[in-house]
Amino acid sequence: MATTYTFDVFTSLDGLGAHDGDWGGYWGKQGPELLARRSALFDEEQRMVFGATTYRAFAAMLAASSDGDDVRDPWVTRMRDLPATVVSSTLREPLDWPDATVVGGDPVEIVTRLKEESDVPLRSHGSLSLNRALMAAGLVDRVHVTLFPVLCPRTGVDPVFGGGDDFDLELLESRTLDGHTQELVYRPTRHG
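For the sequence shown, my numbering begins at 1 and goes up steadily by one.
Worth flagging that the hints you see were computed from the coordinates, not collected in a lab.
Model, not experiment: these values are computed from the prediction.
Pair by pair, the computed Cβ-Cβ distance ranges are:
{"id": "1", "residue 1": "Val-108", "residue 2": "Gly-24", "range": "33 to 43 Å"}
{"id": "2", "residue 1": "His-191", "residue 2": "Val-108", "range": "18 to 28 Å"}
{"id": "3", "residue 1": "Asp-165", "residue 2": "Gly-105", "range": "16 to 26 Å"}
{"id": "4", "residue 1": "Ala-60", "residue 2": "Thr-155", "range": "16 to 26 Å"}
{"id": "5", "residue 1": "Leu-184", "residue 2": "Glu-44", "range": "13 to 23 Å"}
Yeah, the Cβ is synthetic: ideal placement off N, Cα and C, and Gly gets one too.
Based on the sequences and whatever the hints tell you, model everything.
Next comes the structure, spelled out in structure tokens:
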């Protein structure tokens with residue numbers, strides 16, 4: 001029995017996954033409903049899947065933070081405590097992550113095998129190029145978008161879907177958090 005794979009991503013309204021400006025974490029739009037929702041999502045048993053670039057970014061961000069920082073929000077701590085597979089041909093174990101395994105090779109083959117063998121759902125937060133490749137291969141069951149109410153064409157980086165294929169999206173869930181941030185869950189189907 002195959003399990004589900006969710007591509008979980010934060011984005012600005014103009015489709016950028018991060019920024020190098022002075023917005024702060026969550027583009028300055030952090031609120032109690034957002035944090036509670038994120039905590040609830042990560043209370044569920046699941047396996048995280050990361051590409052090497054995203055793993056390195058999370059590990060560096062957590063190493064540079066201290067207790068009480070926004071970086072160590074409860075959902076982030078919980079995400080770090082979940083079992084994780086890091087798809088990489090350059091990283092070596094042990095990683096600075098409690099229950100992480102490095103797997104080298106073709107990401108499509110790796111995630112196909114994980115979907116077939118895992119007893120729990122799979123979730124990937126970020127890992128843009130990895131998830132674009134997995135979407136192209138038809139392995140992403142859900143695209144979970146947290147849409148922050150900002151436009152950042154000057155300071156934004158990392159186009160979330162840039163360079164990817166075309167997809168039709170079936171809306172499965174939606175909610176507004178803190179009166180301004182949208183959470184949208186879609187089922188992707190390749191267009192054409």
